[in-house]
Amino acid sequence: MRALLVLADGTAFSGTGFGAVGTAEGEVVFNTSMTGYPELLTDPSYRRQILTLSYPEIGNYGICRRDAESERVQPAALVVRALSPVVSNWRSDVDLSTYLRDAGVPGIAGIDTRALVRRLRDGGTVMGVVSTDAGVDVRVLRERAAALPGMGGCELISQVTCQAPWEMTEGLVDDEGRALPRPAPSRHVVAYDFGIKHNMARMLVQRGCRVTMVPASTGADAVLALTPDGVLLSNGPGDPSTVPHVVAAVRALLGRVPIFGICMGHQILGQALGASTYKTPFGHRGANQPVLLEVGDPPKAPAGRVLITSQNHGFAVRPGGLSTGRASETNVSDGTNEGIDARERFAFSVQYHPEAAPGPHDADVHFDRFVSMMDAFRAQGSAEGGASRRAS
Amino acid sequence: MPARRDLKSICVFGSGPIVIGQAAEFDYSGTQAVKALKRCGYRVILVNSNPATIMTDPELCDATYVEPLAPDVVARILEVERPDAVLPTVGGQTALNLAMALAADGTLARLGIELIGARADVIERAENRQQFKACMDSIGLGSARSEVCHSMDQALAARARIGLPIVIRPSFTLGGTGGGIATTDAEFQHLAQLGLDMSPTTEILVEESLVGWKEYELELMRDQADNVVVVCSIENLDPMGVHTGDSITVAPVQTLTDREYQRLRDAGIAILRAIGVETGGSNVQFAVNPKDGRLVVIEMNPRVSRSSALASKATGFPIAKVAALLAVGFTLDEIDNDITKKTKAAFEPSIDYVVVKHPRFDFEKFKGAERRLTTQMKSVGEAMAIGRTFQEAFHKALRSLELGVAGLEHDGITKAGGEPLAPTLPKDAVLERIAVPSPERPWLVAEALRRGAKQDEVVRATGIDPWFVAQIAGIVDETEGMRGKRLADLEDDALWRLKQMGFSDTRIGQLVDAAPLDVRAQRKARGVVPSMKRVDTCAGEFEAHTPYLYSTYERPFEVVEQGAAWPRFDDEARPTSHPKKIVILGGGPIRIGQGVEFDYCCVQASTALRAAGGTGFETIMVNCNPETVSTDYDTSDRLYFEPLTQEEVLNIVDVEKPYGVIVQFGGQTPLKLSKGLLAAGVNVLGTSPDAIDRAEDRKRSAELVDHLKLRQPPGGTATSKAEAEGLASKLGFPVLIRPSYVLGGRAMELVHSMDELRRYLDRAVAASDDRPLLVDRFLDGAIEVDVDVLCDGTRVVIGGIMEHIEEAGIHSGDSACVLPPHTLDLPVIDEIAEAARKLALELGVRGLMNAQLAVRRNRVFIIEVNPRASRTVPFVSKATGLPLAKLAARLQCGATLDELELEYGPLDRPMTRAGLGHFAVKEAVMPFIKFPGVDTILGPEMRSTGEVMGIADDPESAFYKSQLGASLRLPTAGTLFVSIADVDKEAILPAVRRVHEAGFRVIATGGTHTFLTGAGIPSVRVNKVREGSPHVLEEMAQGRVALVFNTTVGAASVKDSFSLRREALQRGIAYYTTIAAADAASRAIARVAKGTLEVKPLQAHLSSARSGHA
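Chains as they are written, first to last, in this note's numbering: chain U, 138 to 529; chain L, -6 to 1103.
Note that these hints are calculated values from the structure, not bench results. Just to be clear, a hint being listed does not mean it is correct.
What the hints assert, rightly or not - Selected chain L positions facing chain U (in silico; Cβ < 7 Å):
(1) S343
(2) T382
(3) E896
From the three backbone atoms N, C-alpha and C, an ideal C-beta is built for every residue, glycine too.
Please build the complete structure, drawing on both the sequences and the hints.
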C-alpha cells in the first residue's frame, strides 16, 4: 500500500504504508535510538507527534507487549526506512505492523529517513501528515499539513494524564514477567502523571516505594492529603508553559515534600523555581545524549561524571531565571541545561530519562538519590518534630 | 583533566608482522595513537618489526626501532631510551604479551617505566581464563561452564564433567590458535594436546559448548573519571562456533530488544570496571541463547582490537586515537569529535545505516587444510560495506571480497573455493552441507533456499538468526521473480527495488542477460542513481564536517519551490571544485599476495599529494578494507568506503569529476579496473595501460626483453597438455609452470620430471580450463633479485636492489631478501640497474616499476616486469629512507624526478654496502601454524601473510633480527640435525662447519653423515623416520634438536620430511630448507655467538646513510 508523508513546507516523501489505514497529523520528530521502538511507541511524550526512527531496520524483534511504557501506542504515526519482513525474538507477541494496525496508527516505510532527519535538524521540527489512505492526493495533504498549528503553546498533558488517582504496584520484572525481588514498600510517592512512562514508577516500586499516580490537575493540598514521602513529576507531551496551574501546585509543594522531576517534570520544577522554558529547534530524542554532572551528588553521582542518557524532549529550561537552586547538569554536545539541583528545598530534576526504557541505565542513580532525599527529609522532620516536642 | 605533564616520553609497541588474527588494524590503531601522542607534545618511541606500516615511517615518531618484538631486544631499547611510560594497548596481543613479559621479568620496574592504558594486573585478569571467570562470578555475570587444565589428565577429568561437544581454548595464543570444538573423544584428546603444546603457559580452558547461540560484541571505552561509553555493538551473523574474525558480522545489533541490548551494555560496563581497565578501549564478547535470552560472557580484550578497528570505521569514532589520549590523562568529555567538530568523544555513536563485515579466506593456498570454520581464525583479511539496509550492505560486502562474485549467484559457491553442488542435489543434502560453517556458506544458504528449503529449515541447519535468513531469502525471492525478464522489462519501480536491495549492475545483468554497462546506462537514463551519504557518528543529529562517504540508493522526494514540486535527492557528497582532484583506488581486502604493503603505498600517495606545494591536490580514497590506514577518515581529503568495482568507482567519478584516477598503488585490485575505467573515459594516471599490458602479457614482455637485448630464461606458452609436455622436454627439467593469469604465484609449481608435470597438468588444467600455461626453464642455483625503480619517462632512479636469500624458485613474496645485495659483485649490480633502467624507459613508466631478475654465474636474466608498486616498496623505503610511493604519486600527477629532487633532496641512493652503511633483511612470515596438515616447505606459490625487517650494520645481525622478528630465535647452542639431498651436499658444508665451530653437536641421516665424516665434520648418525625408532622425529619431539638443515629433491623426499617440518613448526625449531638460507642462518649464529646485538633507531640508520652518501 502506497503511503505519503507530507511536511508543512510541502516536502513530500512517497513510501509504502504499514500499520493502520488512515491519515494522521502531528509534529514530525526524529529519534536516533538504535533499539527500543516498542518502548518509544508507548511513550506518552510522543502524543501528537509523527515519530521518525533514524535507525533504518525496524521491526526486527517484533513487539513484546510487556515492554510497553503506557497503555497505548502514543505517536500519531511512525516513519521508518525498512520494515522487517519477519519477527525474530523469543519474547515477541506480535509483529510491528499488526500492532500498529490494531492501535489505529499508520506507518510509512521505504523513504529516505536520513534526508528527513537532516531536514528537521537544519530547519527545525515541522508539522506533517502521514497518510496510508488509498488514492490520497499529495496536494490535499500539503494543504492540510500547512494548516496545522505548531507545538508551541500546545497543551497536551490533559489528554494523557490519568482521570483519577491509582496505585502502581508493578516493579521490575524478568524476561518472563516475573517480579524481581524487592523490599516491602516503606515510602509513599505521589506521582504527577503528565503522561508518565511506567518504568519511572517501576523503578520506585523496586526501591521500596508505594506509588500513587494522580491527575495533572491535582492541587497541592490534595497531594499532601495523601501524606507522601515524595512527589514525582513525570514526563509528558506538549509545551510546559501552558500549565501554570500545575507549576503553581508544585511551587506550593516546594519545601513541604521532596520533589523529583523528570523531563516535563523538570520543566515544571524549573518554572516553579523561577526559570522559563523555550522550544528548541529539534529537541533531543535518542539514547546517546551525554550529560555532565557539574554539581554532583557523591558517591554515586560524583561531579565530573558523564552519563549517557535517554532523551525525548522538544522544550528546554533556560536556567538563568532560577531564584532557588542551580543548574546542575549540562549536555556535553550542545551545552543545554539537563538538570536542576535545589537540595535546600529538597527538590531536583533532570531533563532526560533516568528510567531509560529504552536507553542506557547510567542515570538510574537518580532514583536512589530521590529515595535518599525522602529518607533524609523524613529524618529531619522527625528530628524537628522531636525538638519541637521538647520545646513545648 | 588535561594531558599528564609528569610524562615526557612514551614508548609504543607495535604488533609486528601481519599474521592471521593480527593484521593491518594495528597499523591503523598504532598510527592513530602515535599521531595523537605526538600532537600532545610527547617524545614518542616506537618499536615494530614490520616495515610495511605507516607507523614506522621515520617522520612519524621521534625514534623508530624496526627491531624484533622480543623481550630481550625491547629491554635493550628501553634501557637506551628510558621512556617514562609504555603504551601496550594499540599493538594487539603481541604488544600485550611483550608488556607482560617485561613486567614479569622486572624490566619495567627496574627502569621505572609505567604501563599506561592497561596495567599488568589488569591484563592478567582479562587474559588469564581462571581469573577472568572468577571476576565474572564476582559481579554476578554468567559464563560458560569451564575448567582450566594444565595437563591431559586434568583435561580428561574436565571433559567427563562437562560433556560433549566441548570447546578447547589455549591461553595466551593469537586468534585462538590451537583451539577448537571437539564432538568426539578422539577429537578432544587431539585438540587438548595441541592446545597444551601451543599455549606458552601450557594452559587450556575446557568449556561448555555454546555452539548455535547468538554472538555479540561490544566496543567500550573508559576514562579515568570512570565514564564508560559503548562505541559500537556488533552482531555475528554466524552463531557461536565460528571465530568472530571468520564470521560475517553486522553493526549495530539487529535482533536484540532494548531490554536485551541494555543488559549487554550494563554487563560490558561492569566488566570493564571489575577487570580494572582504567583508560582506553576494550572489547567484550557475549553469547545469548536465542531460546531464553540467557547471557553468557565469552571474553574481553583490554586493548584495541580487530573489532575496534571495525567499530571505528563503522561509526566514525576513532577508538585508538581516543584510547591514546585517555591513557595520558584526558577524559572523554575533553576530547573533540573530529567529525562533527562541535561535540565531544563523551557520547555513544548512533548510526543510521547497516555495516557488514565479511571475512576473506585463502584456503586454496594451503593444500590439505581443513576448510571447516571453527573457533580458530583462518581468514586472512576482510571487507566492510555500508548500506542503508542489511541487504544493501551485505551485497556490497560480497562484491568487495575480490572473489569475482557479483552477489549471491550460484557460482559464488565455487568462487569462494567450495566444492560445486550437483544440479540435481536435493535440498536436504544442501541443508546438510550448510550445517558446516565454510567460506562458501552464504552462497550455499542462498542455493538451499533456491532449491526449496524453508527459512526455518535453514535456521535449524545453520543456527543463523531467522532475521538474517529472511533477509537472504528476500534477495533470493527477488532474483527468482526476475526469471525470464529482459532489461527493458524492468519497470522503474523494480530497478529501484533491486538497487535498494544492493543488487550490483553486474548481478542484474546476469539475471536479465545484459552487460553491466548496459544496466548502468539504463538505470541512469531512468534516474536510478545513488546518493552519497556521510558517516557522521550521530545519525544526522549534527552536521558532519568530515567527508567520510558511502553510496546508497534512496528514492527521490519532492520539495516545493516557487510554487512547484521538484524531485530531489539528498546527496551529501558536496564535491569541491578543486582543479586537481585525484582518486586513489585502494587494495581491498587483504589476501595472500595482496598484503598491507599496497595500503601503505596508497596512504603514502595520498599524503604526498596533499602535501604537494602550489595549488596542491585534493585526494579521494576509495577502499573497502576496514583494517587499514587508508580508510581512516583523515588520511585523504575525502574517503569513499565502497567496493572496488567498476560500478562503484564510476559512481564516484560521476559525483566527484576528478582530474584523474591512480590505480598503481593498490595492487591487482585497481589495476584490473583500469581498462574499464579508461574505456569509460576516465583519466587513468601514470604508466599507460598499454605499457602495463606490454609488461604483463607474456608474449609481449618476451618481445620487450628481446628488443632491449636483455636475457631471459627460455620458455613459452602451452594451451594443451601435449604442448606443455613438448615444451618441457625441449627446455629440459626442472621447469617452472603456472597459469598465465594469476597473482601471488597461485598454482605455480617447480616441476622436476615428466611424471610430476603430468600430475600438475591433471590438476591445473582442470582448474584453469582453456587458459594458457606458462612454462619456463628453471634457473637452478640462481640468485633472485628484486629491483624497484622510479621513472618519469626520461629519467630513472633506482630505488633499491634486493638480493633474495632463497634461490630462484621460491616465490619472491616468501623469500627473505637483503638490501643492499650482500654477495653480488659491483659489475653485476650495475648490470641489474642498467637493465631495470632500460625497461622503465622503454615502457615509458610514470611512477614505480618492479623487476624481478635472476643472476646465474654472473649472468643477469629478466624474470618478470611489473610497472606498478610492488610489495617491496615499503621495505625499500624503510631501508633506504627514499619514500618511493610518495615520489611515485607525484610522478604520476605530472612532476619530474628533477623537480622532486628539489623538494626531497638527492634521490639516488647508494646501492652497495659501502654507501648505505647498513643492511636490511626482509623475512616473510608464514601462517602454517593455523593450518594443521599443511606442508611448510617453501615453493613458487606465495603463502606468507606478512613480513618483518631486520636492520643492522652487518648482514649477519640483520638476518638474525629478521628471524627473531619472525618469531624464530636462532639457537646459540645445542644440536644441529642435517639431512641434505645429494646435489646440495657440497654446498651445505660451509654452513654446517660454521655451526659446528660455534659449538653445536651435529646429527645427520645416513648419507649426509657419511658425507660429513668424509669432510672432517664429526656427526652422529640418526635414523630417518621410515628407518624406524629411534628416529629423528623422536629426537625433535623430545626437544633435543635446536636447528635443522634439510633440503629435498622431488616429491618423495618432500613427503618423507613433511612430519619433521610440522614438528619443527609446532616446537619453534629453526628449520631451513634451502642452502642459501642455511648459510645465512649459520653466519648469523656465528655472529651472535661473538657478541650481543645492537639496537638503533631507523632515524640514526638513515641519517648515517645520507651522510655516507654525501
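Open item on the list: Does the closest beta carbon of chain U sit nearer than 7 Å to the beta carbon of L/T382?
Closed with: holds (5 Å)
- [ ] May I ask you to test the interface hint for L/E896 with respect to chain U, counting a Cβ-Cβ separation under 7 Å as satisfied?
- [x] violated (42 Å)
Open item on the list: Holds or violated: the hint that L/S343 contacts chain U, with Cβ atoms closer than 7 Å.
Closed with: holds (4 Å)
The structure is inconsistent with hint 3 alone, although it conforms to all the rest.
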